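Residue-level listing of the chains:
Protein chains: 2
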Amino acid sequence: MSKNEKEEHLAIGVDLGGTNIRVALMNKMGQILQEGSRLTEAYKSRDYIIQNMIKMINTVKGDYQIKGIGVGSPGPINQAEGRILDPPNLKSLHQCPIVEMLQSEFRDIPIYLENDANVAALAEARVGAGAGKKSVIYITVSTGIGAGIVIDGKLFVGAQGNAGEIGNMIISEKGPQVANLNTGALEALASGTAIERVGRERLGIDGGAKEVFALAMAGDSVALKIVEEVKTYLSIGIANLMHLLNPSIFVIGGGVMQSGEWLLPQLREKTSHLLFPSMRSHLMIEPPMLDHKVGVIGAGLLVFT
Amino acid sequence: MSKNEKEEHLAIGVDLGGTNIRVALMNKMGQILQEGSRLTEAYKSRDYIIQNMIKMINTVKGDYQIKGIGVGSPGPINQAEGRILDPPNLKSLHQCPIVEMLQSEFRDIPIYLENDANVAALAEARVGAGAGKKSVIYITVSTGIGAGIVIDGKLFVGAQGNAGEIGNMIISEKGPQVANLNTGALEALASGTAIERVGRERLGIDGGAKEVFALAMAGDSVALKIVEEVKTYLSIGIANLMHLLNPSIFVIGGGVMQSGEWLLPQLREKTSHLLFPSMRSHLMIEPPMLDHKVGVIGAGLLVFT
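In order, the protein sequences belong to chains A and B. The working numbering applies: residue 31 is where the first sequence begins, and numbers increase by one. The working numbering applies: residue 31 is where the second sequence begins, and numbers increase by one.
Keep in mind the hints are simulated off the structure, nothing from the lab. There could be a bad hint or two in this list.
No copy labels: a pair is met if it fits in one copy or bridges any two.
[As the list claims (entries may be wrong)] Once the Cα atoms are required to be at most 20 Å apart in a straight line, the calculated DMTMM-like pairs of lysine to aspartate or glutamate come out as:
# : residue 1 : residue 2
1 : Lys300    : Glu259
2 : Lys240    : Glu258
3 : Lys323    : Asp77
4 : Lys58     : Glu130
Note that the structure is predicted; figures quoted are calculated from it, not measured.
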């Protein structure tokens with residue numbers, strides 16, 4: 031492989047998480063050539079964290095020429111300014127001008143920044159469960175609920191970069207009061223946090239979705255009712271998106287989905303009943319195909335527009 | 031202007047409505063050179079209606095060379111087959127293969143078919159209130175509620191062409207039972223039909239949105255409460271779309287909006303309160319700029335992709 035070929039075909043992805051930083055050298059198919067991972071140590075200083083990241087990038091880069099560096103960060107971010115805003119799990123990096131900081135180290139290499147949900151959506155859409163599909167909506171049901179929209183292989187982020195904030199979509203006139211969310215918002219009703227809260231209130235347990243689901247599997251009627259409600263709320267959310275965007279495929283992942291693998295087929299069934307009849311046979315809901323490396327792969331794919 | 035120039039720059043738009051057929055010869059700026067209009071006479075036969083349409087097209091076409099013919103029809107349509115499916119107001123044209131029928135008359139001229147809501151969205155996005163904006167959502171609040179999504183000047187219609195069906199978006203766990211719509215669907219709660227039904231139930235009037243709004247203006251407390259509810263439902267619908275797609279601008283038209291011009295500024299206010307704070311200053315809601323010719327202009331614009 032000549033140096034020019036390498037430069038055209040390789041990128042570095044950085045998955046900046048609240049717990050781990052992952053870095054990988056990869057090609058546009060999402061195949062990883064070199065990788066590294068370490069604890070973020072999010073309680074330490076901004077400079078400490080960014081310097082570690084730079085070292086990791088240099089390690090996987092070695093002598094390779096690369097086309098660019100893509101960074102996936104917890105949101106919110108300001109993409110135009112290349113800045114991390116105020117993600118709750120990364121207090122040391124609030125207002126961090128991460129693109130500028132990386133740029134001063136990697137002078138001639140384009141740097142891309144995107145929020146982690148969009149980065150995961152891009153990876154699943156291009157080289158995961160949505161590969162080959164024209165329009166993909168990737169939904170994470172985890173602590174929160176978010177979505178990434180990929181049309182013709184490109185992220186659709188909207189006018190100010192905030193598209194996909196489905197957690198704040200109102201699906202009910204009532205619901206618990208949750209800070210920063212609308213009454214009746216999807217995330218307040220069906221996220222991991224919501225399930226944990228309801229589990230505490232109605233079952234007196236602290237284990238969150240995993241434990242609620244286990245009790246439901248064991249036949250506990252209160253837990254079963256909670257599961258039914260969560261399925262209803264999630265189905266409404268997905269049906270709303272289907273009516274609005276009619277995507278080729280939904281890819282639905284996140285911790286809550288992993289806690290109950292039976293959940294996805296039941297969601298398919300329930301969502302289908304909420305669609306216009308002519309749309310039902312076209313509903314595709316699949317689990318993600320990429321594992322914990324989805325973030326670092328998607329970050330690298332940002333480089334290949 | 032040479033013949034070649036003409037061919038590149040002119041198109042014919044056909045607005046097939048339940049009441050009128052409008053036809054226009056126009057350029058890609060939506061400027062009309064020739065136009066015609068007549069009653070659809072929807073109760074007459076398929077052949078009668080289509081033959082009239084062909085005559086109208088030939089009249090505005092004259093000797094001009096045209097790049098294509100675009101047709102806007104009430105939905106649902108099957109775009110791949112160029113067929114009108116089963117729009118309630120056009121019974122004679124159910125299952126009509128309109129593209130094939132026009133093609134056999136206009137042999138070498140490309141024919142385009144799109145539903146009327148999308149056609150109006152395209153017109154407002156390209157040459158109306160959304161001109162120059164990257165992403166436009168056009169919403170009609172009329173007998174029903176529908177939306178058209180235009181990204182970078184192009185309609186986004188989704189995998190099977192059904193994107194924009196926001197009337198069936200669930201925003202409440204309760205709501206009246208309406209045929210073909212989900213319980214709690216936006217259209218069942220806030221369309222002209224919904225307002226008419228509530229006006230009948232609570233006020234004993236048959237005049238629909240116009241009369242309900244007039245009574246509210248006159249201070250009738252029941253009518254005022256209905257208006258408040260409608261505003262709430264519509265705001266929820268718009269806020270959901272803003273969180274999901276973050277468009278540059280919303281253009282909101284249709285009979286209900288025309289019945290109360292004070293409605294739009296109040297919707298802006300109310301929707302804003304339902305958004306993440308960082309998104310509020312970016313919310314743009316504007317009325318349409320094009321008048322009753324929006325359909326024929328949008329149909330012609332289908333030709334210029």
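Taking the hints in turn, this is what the structure says about them:
For a Cα distance limit of 20 Å, the shortest separation of Lys300 from Glu259 inside one copy, 11 Å, qualifies, whereas the shortest one across copies, 29 Å, does not. In the homo-oligomer, the alpha carbons of Lys240 and Glu258 lie at most 20 Å apart inside one protomer (15 Å), although the nearest pairing across protomers, at 41 Å, exceeds that limit. For the identical chains of this complex, Lys323 and Asp77 are neighbours neither inside a copy (25 Å) nor across copies (60 Å), given an alpha-carbon limit of 20 Å. For a Cα distance limit of 20 Å, the shortest separation of Lys58 from Glu130 qualifies neither inside one copy, at 24 Å, nor across copies, at 43 Å.
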